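Participant: Listed below, chain by chain, are the residues.
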Amino acid sequence: MELQKFTYDNKIARLFMNATILWGIVGMLVGLTIALELVLPLMSGGVSWLSFGRLRPLHTNAVIFAFVGNGMFTGIYYSAPRLLKTAMYSELLGRIHFWGWQLIIVAAALTLPFGFTVGKEYAELEWPIDIAIALIWVVFGLNLIMTTVKRRTKHIYVAIWFYIATFVTVAVLHIVNSINLPVSLLKSYPIYAGIQDALVQWWYGHNAVAFFLTTPYLGLMYYFIPKAANRPVYSYKLSIIHFWALIFLYIWAGPHHLLYTALPDWAQALGVVFSVMLIAPSWGGMINGLLTLRGAWDKVRESPVLKMFVVAVTAYGMSTFEGPLLSLKSVNALSHFTDWTIAHVHIGALGWNGMMTFGMLYWLMPRLYKTQLFSTKLANWHFWLAKTGMLFFAIPLYFAGFTQSLMWKEFTAEGYLKYPNFIETVTQVIPMYWLRVLGGTLYITGVIMMIYNLIMTAKAGTFVPTEEDEAPALEAQPVHTDRGHRIIEGKPLLFTLLALVAILIGGIVEFLPMFMIKSNVPTISSVQPYTPLELEGRDIYLRDGCYTCHSQMVRPFRSEVERYGDYSKAGESVYDHPFQFGSKRTGPDLAREGVKGGPMYKPNSWHYNHFMSPQKMVAESIMPPFPWLINNDLDYSSIAKKISVMQTLGVPYPDGFENQAKDHLLKQANEIAQGLRNEGIEVADTKEVIALIAYIQRLGTDIHKTDNTSAFTNK
Amino acid sequence: MKIIATALEGIAGIEWYPIIGLFIFLIFFIILVIRVMNLNQDDESEYSQLPLDNSDKFMKEQKNHVN
Chain A
1 MELQKFTYDN KIARLFMNAT ILWGIVGMLV GLTIALELVL PLMSGGVSWL
51 SFGRLRPLHT NAVIFAFVGN GMFTGIYYSA PRLLKTAMYS ELLGRIHFWG
101 WQLIIVAAAL TLPFGFTVGK EYAELEWPID IAIALIWVVF GLNLIMTTVK
151 RRTKHIYVAI WFYIATFVTV AVLHIVNSIN LPVSLLKSYP IYAGIQDALV
201 QWWYGHNAVA FFLTTPYLGL MYYFIPKAAN RPVYSYKLSI IHFWALIFLY
251 IWAGPHHLLY TALPDWAQAL GVVFSVMLIA PSWGGMINGL LTLRGAWDKV
301 RESPVLKMFV VAVTAYGMST FEGPLLSLKS VNALSHFTDW TIAHVHIGAL
351 GWNGMMTFGM LYWLMPRLYK TQLFSTKLAN WHFWLAKTGM LFFAIPLYFA
401 GFTQSLMWKE FTAEGYLKYP NFIETVTQVI PMYWLRVLGG TLYITGVIMM
451 IYNLIMTAKA GTFVPTEEDE APALEAQPVH TDRGHRIIEG KPLLFTLLAL
501 VAILIGGIVE FLPMFMIKSN VPTISSVQPY TPLELEGRDI YLRDGCYTCH
551 SQMVRPFRSE VERYGDYSKA GESVYDHPFQ FGSKRTGPDL AREGVKGGPM
601 YKPNSWHYNH FMSPQKMVAE SIMPPFPWLI NNDLDYSSIA KKISVMQTLG
651 VPYPDGFENQ AKDHLLKQAN EIAQGLRNEG IEVADTKEVI ALIAYIQRLG
701 TDIHKTDNTS AFTNK
Chain B
1 MKIIATALEG IAGIEWYPII GLFIFLIFFI ILVIRVMNLN QDDESEYSQL
51 PLDNSDKFMK EQKNHVN
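First to last, the sequence lines map onto chains A and B. Note that my numbering has the first sequence beginning at 1, numbered continuously upward. Note that my numbering has the second sequence beginning at 1, numbered continuously upward.
Hint data in this document are derived by calculation from the structure and do not stem from the laboratory. Fair warning: this is a prediction, and the values are worked out from it, not measured in the lab. Each residue gets a CB set at the ideal place from its N, CA and C atoms; glycine is no exception. Treat the hints with care, as some may be off.
As the list claims (entries may be wrong) - Not everything, but these chain A residues come out facing chain B in the computed CB check (under 7 Å):
#1 V39
#2 M43
#3 R152
#4 H155
#5 Y157
#6 P226
#7 V233
#8 I241
#9 M407
#10 F411
#11 G415
#12 Y416
#13 Y419
#14 F422
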């Protein structure tokens with residue numbers, strides 16, 4: 001057979017490698033900053049773009065899409081051509097992909113801290129950036145799939161399947177969850193509302209974990225562990241079965257993020273059952289990864305690369321065992337809204353993604369620079385620091401989670417909440433938050449050591465921009481009679497299509513009934529759209545990331561009904577574009593905040609003073625002050641457009657109301673501001689705080705109204 | 001979303017589509033498992049060698065060096 005010569009481009013792998021290192025340290029430092037802000041709430045100094053609510057989305061986006069994203073692309077651009085025995089399809093597409101992705105990250109860093117956000121977790125980026133993501137993602141997918149088409153290997157190795165599944169599914173998830181109607185260049189509302197929006201969001205959110213943080217890294221595992229251990233994967237049969245089972249089952253499990261919420265029971269049950277089933281394919285992957293090292297454990301003792309991989313795969317196993325546990329309703333009743341979730345996701349992020357990335361970088365850098373690692377000792381130090389850091393991070397947060405949840409639920413012998421003041425349950429876990437800071441610091445120290453080690457390695461060697469290889473053309477290779485799974489593997493486009501079908505089925509099963517059967521979201525006649533001022537206030541609530549610390553979902557537990565008021569109904573959020581159920585209660589739930597006579601109600605003046613200085617109202621509060629709400633004038637210039645967009649989305653404002661919206665807004669603002677002035681607080685009508693107070697005082701009140709006539713007639 | 005819901009409601013028997021989809025996948029999966037279990041040992045070993053198959057000059061040069 002005639003051998004064809006071709007080259008592998010190391011430059012693109014190096015670009016992504018440098019990017020993952022840079023954004024990794026940035027994302028982690030932002031994480032450390034917000035961890036510190038939770039124990040030192042005045043740290044942000046009243047600067048809006050440094051506050052927790054603005055930086056937390058930056059942290060999650062930076063770590064997921066910048067650190068892990070560039071990490072996966074590093075591995076894919078290095079491994080895919082070598083596994084397929086060809087150069088990447090297009091060097092130009094690779095460059096567009098790289099620079100486009102970095103521009104998206106920069107755009108995220110320039111918008112999220114300044115409050116330009118959709119307000120849906122991990123999908124915060126505004127619509128122009130969403131479109132850019134979709135386009136760049138297609139560039140990546142095209143390059144990947146066309147590379148598989150022009151390959152010189154008969155068989156497509158399992159790592160490539162995981163890469164293809166990643167491309168297909170993330171494209172579907174991103175597009176479906178990001179369909180928004182723009183109000184302006186940097187403001188839009190999702191087309192879904194309330195419980196439907198929640199379902200779409202957590203279908204996306206859960207599968208972003210599955211197909212952005214898991215499947216590409218499983219692909220990397222199937223390439224880099226055999227490489228580093230110099231032995232083949234334990235069971236190739238297991239890899240085929242666990243691949244199909246994983247991509248099919250994962251997509252159904254999203255509703256486990258919404259247990260005990262207003263989501264219909266059937267959808268919750270579906271999410272639980274499929275989540276439990278997920279243990280099988282997840283552990284199939286873990287076992288396959290770990291058993292690849294059978295007979296090579298002596299190497300693990302000596303190689304920091306393998307050490308990192310072993311901890312990564314073990315963390316994956318722990319995380320994917322814990323995930324199904326957390327999705328059991330009885331466990332979820334305890335864990336949800338607490339720091340338990342934060343601990344769980346960081347076992348995945350720091351352990352699985354972090355350690356896999358570090359192992360890959362330590363393996364890759366010497367190869368790209370044709371030298372040896374500068375210091376194995378330093379890499380071992382990094383390993384131990386990262387491992388200790390993870391434990392110091394996660395274990396205290398598990399305790400914080402248990403503690404807080406048990407305190408929320410505890411009753412006295414007389415039948416009253418034992419800790420009726422939410423703040424008591426916060427102060428109890430502050431020492432754990434300090435330990436988390438320590439854990440994060442250790443972990444980041446390790447990363448800094450790695451950066452030094454990698455720079456010194458690069459300095460000691462010479463970069464190899466391209467590597468030559470040779471293989472016979474695919475057509476020249478002997479034709480086997482294709483059997484079984486081989487038929488699919490040999491046809492990348494058919495394979496891609498089947499993967500797409502597998503992941504679409506679960507989504508459709510979940511969505512169709514939710515969108516079509518009206519009985520799933522019973523309407524409540526007293527629930528009405530927000531007034532223009534409340535809508536502006538809601539946008540401020542989104543902008544400042546209030547949802548990162550406050551939920552708006554009272555679950556049907558005695559402890560929650562006692563603490564917050566009546567449990568939340570699906571019909572209450574039908575005009576919420578986007579929904580604001582939240583996922584974490586660093587502060588109390590706000591779903592019934594405005595109910596006069598309810599356990600959560602506070603007067604307007606309390607809220608005003610609380611935004612100015614939370615510690616003035618609750619001495620031990622860890623909420624940062626929001627002085628800009630007091631100082632900033634409310635920008636209501638686009639209120640007519642906002643109302644129009646809401647009307648297009650099906651929110652029943654009366655015809656022509658967009659033209660009256662401004663007057664309506666000013667009238668309501670004057671009423672609230674006058675009330676505050678009567679209490680001695682000097683405030684102008686059109687400050688941002690007035691709108692936010694209007695929104696907060698509206699929360700949860702609709703079902704308590706006795707008068708069901710429209711709030712918008714003759715005002 | 002009303003636009004989508006209205007369009008979907010017009011399709012007769014739409015509620016069966018997901019169930020049919022699930023069954024198609026299950027049948028695919030069962031056949032897959034049977035086929036995979038019967039995979040030729042030689043083929044399996046050939047596939048799993050793919051990452052190691054590259055002429056990784058670096059590894060050869062560094063044969064005696066542990067990372």
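Participant: Each of the hints needs a verdict: does it hold here or not?
Facilitator: Here is how each hint holds up against the structure:
1. V39: Nearest chain B Cβ about 39 Å off; hint violated.
2. M43: This interface hint is violated because 40 Å lies over the 7 Å limit.
3. R152: Hint violated; A/R152 Cβ to chain B Cβ min 11 Å, cut 7 Å.
4. H155: The hint holds - A/H155 has a Cβ within 7 Å of chain B, the shortest such distance being about 5 Å.
5. Y157: This hint holds: A/Y157 lies near chain B, its Cβ roughly 4 Å from the closest one there, short of 7 Å.
6. P226: Holds, about 5 Å.
7. V233: At 5 Å from the nearest chain B Cβ, A/V233 passes the 7 Å test, so the hint holds.
8. I241: holds, 6 Å
9. M407: violated, 39 Å
10. F411: A/F411 check fails; min Cβ-Cβ to chain B is 41 Å, beyond 7 Å.
11. G415: It is violated, given that the least Cβ distance between A/G415 and chain B is near 43 Å, above 7 Å.
12. Y416: This interface hint is violated because 43 Å lies over the 7 Å limit.
13. Y419: violated, 41 Å
14. F422: violated, 35 Å
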